Amino acid sequence: MTLLSVRDLTVKFAMRDQNLTALNKISFDLAKGERLGIVGESGAGKSITGFSLMKLLSHPGFIDSGQILLEGEDLIELSDARMRAIRGNRMAMIFQDPMVTLNPVLTIGQQMVETLRAHRKLSESDAKQISIVKLREVYIPSPEERLDQYPHELSGGMRQRIVIAIALLLDPQLIIADEPTTALDVTIQADIMDLLLELCQSNKVGLILITHDLGVVSQMTERLLVMYAGKIIEAGRTREIINDPQHPYTQGLINALPQQTEPGRPLKQIPGNMPSLSAIPTGCPFNPRCEYALDHCRTTPPEIVRYGNVEVACHEVSRLNAERSEEQGA
Amino acid sequence: MSNLSESHPPSFWTRIWESNIGYSFRSNPVAVASLMIFIVIVLMAVFAPLIAPFDPYDPAQIDIMNSEYPPVWIDGSDPKFLFGTDDQGRDLWSTILYGTRLSLLIGLCAVALQAFLGITIGLLAGYIGGRLDSLLMRLADIQLSFSTLMVAIIFLAVTQAMFGSETFNQYAIYFLIVVIGVAEWPQYARTVRATVLAEKKKEYVDGARVLGFGPMRIMVRHILPNSLSPIFVISTVQVANAIISEASLSFLGLGMPPSQPSLGSLISSGFDYIFSGSWWITAIPGVVLVILVLVINLLGDWMRDVLNPRLHKG
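These protein sequence lines are chains A and B, in that order. When we follow this note's numbering, the leftmost residue of the first sequence carries the number 1, and every step to the right adds one. When we follow this note's numbering, the leftmost residue of the second sequence carries the number 1, and every step to the right adds one.
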């Protein structure tokens, strides 16, 4: 059963004399309760994808074309008021830095009660009861006392738990988590991720996890999208992509992990940088950084095609795969 | 941990007293003295009918034969009249109490009006932005290019001519509040707009939008409370300014009538007698006005230092 289905989503930024394409015909599906990871370097369009799904792109960004179907209903067609009823209620979003996503002048309780009462007809005390239950679900100790505290009185990990509790308040079907642990201490990162995984599994909530951390993605998600310069270049089951990446960019990302390098050797980074939106190369956007690029890679953009168990946008995928098998065989 | 949480939560006032602001206040003698003087003045103004020995609005209690008695510490005074009497024989002390009351009332109401207009316009301009922002801010520029006093003088002179002196005097207090309130809204609007522009880029605003809150709720409940510190600071300055504006207008004869004098009209009415030796009719209300404005400004200064985020970003 499909929860979310994105079809040819194109997002542009209106600049002074031209429109820059930030997302180029993104398509993917998310089943109910499925966990999807989106990875890519900075500037690949991961966060813009998250904001577009919520229809919260701010000027100068706008959705140019495509469909975002939430259980068959196209969000792009919806009015602002209808969309507001969906945000927080059926789709929730968690941001990077819990230090700044909570309103500093309202207590935790006020923020939770306000969220609940904005979407449901509830009395103040009922809303408080639900908030306490949700705080307990995210393992906040003595939640009754927390309700009267301000965000600055709590630690970063505690705040991110509260952000997650607020996201879960209205039992959404989908949570979009945009780098939810990047701003946290390494020791707390794992806790938060475990918590998120547990809550998604027990409540059958769909998760879109936007991150640049391949390790996190492999633990947390079932399927994976790899993005580059506003396009999806590889999509498939997380385990298969991590174990056997097909696109040269995905291979580069995985090879760049510190674990892939012997101690004392320099990290195997991908040469060059992500192109800026105003200067996306013709043909395959990755071609200037790709060591396997041929002439037609520089002229014709590759279509996303099924290859084995994954979908990949690379002209040379079968040749590269064959070469790799030969190397391994030799 | 358990013995820590056993202590019951401190009350609202204790929390303020123990906060950074409370500490900064306690350790600043100027602020403490200013606040105390301000509170005394406010209390005297509020309880004027109880404190004042005479009712300056009651013609039956005014005797023209008592006019121009000097204050009690000068020869030839009448011990009934602490600060002497004015040209109509009113007790100056009572009149000052009632006048301070009017001045404070007009100042506070005018600032409330300014704040209401300015905050509304500033929030809309800052949050919605675009054309509305340009339009409202150009209006503010136009408003600011006229000096407050000039606008007020023209407006009050025209209304005085239109309604006649009698009706004007009856409603003078409302006219003053409106004209001072309307003339100074851009101060608020600009400050609020600037703060809103900074606040709306913060992530808690995105967080609120993600939770499905509408623009009104985000503006009023989320952005406005986070923009309060500059509003507090300009409010103190604006109260002082409004009191001065009122006094100036009354001094020019465009404000409160002599039968119902504010501090400004008292100073003005005494001004005619200053060269005949009755200096106290002008000087004593003048001193009260100066002290009132000074303590408000000193409090504003202190507040600006405390609430300035650049001075204590932790």
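Rather than coming from a laboratory, the hints here were simulated on the basis of the structure. One thing to keep in mind: the hints can contain errors.
[Stated by the list, open to error] Label-pair ranges, simulated between beta-carbon atoms:
{"#": "1", "chain 1": "A", "residue 1": "182", "chain 2": "B", "residue 2": "42", "range": "25 to 35 Å"}
{"#": "2", "chain 1": "B", "residue 1": "12", "chain 2": "A", "residue 2": "82", "range": "54 to 64 Å"}
{"#": "3", "chain 1": "B", "residue 1": "132", "chain 2": "A", "residue 2": "291", "range": "45 to 55 Å"}
{"#": "4", "chain 1": "B", "residue 1": "42", "chain 2": "A", "residue 2": "82", "range": "29 to 39 Å"}
{"#": "5", "chain 1": "A", "residue 1": "303", "chain 2": "B", "residue 2": "131", "range": "34 to 44 Å"}
{"#": "6", "chain 1": "A", "residue 1": "82", "chain 2": "B", "residue 2": "50", "range": "43 to 53 Å"}
{"#": "7", "chain 1": "A", "residue 1": "194", "chain 2": "B", "residue 2": "128", "range": "33 to 43 Å"}
{"#": "8", "chain 1": "A", "residue 1": "82", "chain 2": "B", "residue 2": "35", "range": "31 to 41 Å"}
{"#": "9", "chain 1": "B", "residue 1": "112", "chain 2": "A", "residue 2": "69", "range": "31 to 41 Å"}
{"#": "10", "chain 1": "B", "residue 1": "131", "chain 2": "A", "residue 2": "82", "range": "45 to 55 Å"}
{"#": "11", "chain 1": "A", "residue 1": "272", "chain 2": "B", "residue 2": "12", "range": "32 to 42 Å"}
{"#": "12", "chain 1": "B", "residue 1": "129", "chain 2": "A", "residue 2": "278", "range": "19 to 29 Å"}
{"#": "13", "chain 1": "B", "residue 1": "128", "chain 2": "A", "residue 2": "27", "range": "32 to 42 Å"}
[Stated by the list, open to error] Far from chain B, some chain A residues (derived; all Cβ distances over 10 Å):
{"#": "14", "residue": "25"}
{"#": "15", "residue": "56"}
{"#": "16", "residue": "206"}
Note that the structure is a prediction, hence the values are computed from the model and not measured. Ideal Cβ placement from N, Cα and C applies to all residues, glycine included.
A quick look at each hint next to the structure:
1. A:182 <-> B:42: 25 to 35 Å: violated, 52 Å
2. B:12 <-> A:82: 54 to 64 Å: The hinted range 54 to 64 Å is violated for residue 12 (chain B) and residue 82 (chain A), with Cβ atoms some 41 Å apart.
3. B:132 <-> A:291: 45 to 55 Å: Given range 45 to 55 Å: holds, Cβ gap about 53 Å.
4. B:42 <-> A:82: 29 to 39 Å: The hint (29 to 39 Å, Cβ to Cβ) is violated, given that residue 42 (chain B) and residue 82 (chain A) are roughly 51 Å apart.
5. A:303 <-> B:131: 34 to 44 Å: holds, 43 Å
6. A:82 <-> B:50: 43 to 53 Å: violated, 60 Å
7. A:194 <-> B:128: 33 to 43 Å: About 42 Å separates the Cβ atoms of residue 194 (chain A) and residue 128 (chain B), which means 33 to 43 Å holds.
8. A:82 <-> B:35: 31 to 41 Å: violated, 51 Å
9. B:112 <-> A:69: 31 to 41 Å: Violated, at about 51 Å.
10. B:131 <-> A:82: 45 to 55 Å: Violated: the Cβ-Cβ distance is about 26 Å, outside 45 to 55 Å.
11. A:272 <-> B:12: 32 to 42 Å: violated, 59 Å
12. B:129 <-> A:278: 19 to 29 Å: holds, 24 Å
13. B:128 <-> A:27: 32 to 42 Å: holds, 34 Å
14. 25: Label holds. Min Cβ-Cβ 25 Å, cutoff 10 Å.
15. 56: Violated, since 6 Å does not exceed 10 Å.
16. 206: At about 16 Å from chain B, residue 206 (chain A) clears the 10 Å cut-off, so the statement holds.
Figure legend: structure checked against the earlier numbered hints; hints not met, in rising order: 1, 2, 4, 6, 8, 9, 10, 11, 15.
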